[in-house]
Amino acid sequence: MTSQLNVDTIVDKAGSSGPSLPNTTTIKMGNTSTYVSDGGATTQNTVQSLIKQFSTFDQRGGFVTQNTAGDTFNTSTQTDREAGTVVVNLTNNMNNTTYPAFNSPHYDRTDANRNYPNMGAGSNCTTSSYNACSSQSPGNTQDTVMNSALAGDLA
Amino acid sequence: MASQLKVDTLTGVTTAGSIVVTGEGNSTTTNLQQGLSKVWANLNGSSFGLRDNFNVTSATDNGTGDYTFTIATDMASGDYSLATNAGDNEVAILGCVFLDSASAPAAGSVRIRGTASNGSATDHTYVMIQITGDLA
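Protein chains in written order, with our numbering: chain A, 3 to 157; chain B, -8 to 127.
Among the hints, erroneous ones may be present.
[To be verified] Not the full set, but computed from the structure, chain B residues with beta-carbon under 7 Å of chain A:
(1) Leu27
(2) Ser38
(3) Leu41
(4) Phe45
Bear in mind the hints are in silico, worked out from the structure with no lab data behind them. Given the structure is predicted, the values throughout are model-derived calculations rather than measurements. For every residue, glycine included, the Cβ atom is placed at its ideal position computed from N, Cα and C.
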């Protein structure tokens, strides 16, 4: 039997609304649950709509500290593989290697340092890690501040 | 004590398509529906074919580096935010995919272009898109 919950606000069991919310905001949602769309015309799978990972990594320094992570979610570690390439390791693995990944390198207002995002070789995408790359031209890379994120299916 | 609520569909009471959730920092709230990704896809632009997707009906090969994604459940308008990325097994190809500015994004489809670093049209091995915004 299908069920439907009509609710305006979701908090955890001990929660209350307002600015002084408890720090136990753990809510579990089944992976087949749906939500009513923004426009109200349809429903869509909630879990498949969630971003599964995001991270920031400062390769060159000046944004956070050189080779230091900024804000992250579902990211165990990030490593400086080479100029313009950051290896992102996941805390919870993806279900397969066909996920879409996105990154955005910083631009320092110097034309010669205009970086374009790229994922590099597909063989570098595994269920537990991927490479976030940037390049100015083939073979021409430099350290950058890399922002990256994953959609797709978790294991 | 932990609790578990089992439900198939979440619907707002005041507005069906608007549910509020508590932020990670516990000091604010945000809209659940607007915080979700509405479309994502991973396309092989070289041999051409969708590897994986969510809310995509099909992808069309319009020519070298020229692809149209057809959205299964339409967006509310074409004013959504589109993220793209490319990947290749050949370092010499390094390049990007961009929104095709000559084809305005539509509620039911979006057309993108793949280029090499020198600007020439290129079929990338990995073509990735993601859309956030309002569903219909």
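Each hint, compared with the structure:
no. : hint  : verdict
1   : Leu27 : 4 Å, holds
2   : Ser38 : 12 Å, violated
3   : Leu41 : 9 Å, violated
4   : Phe45 : 5 Å, holds
Against the hints set out earlier in the document, violations occur for numbers 2 and 3.
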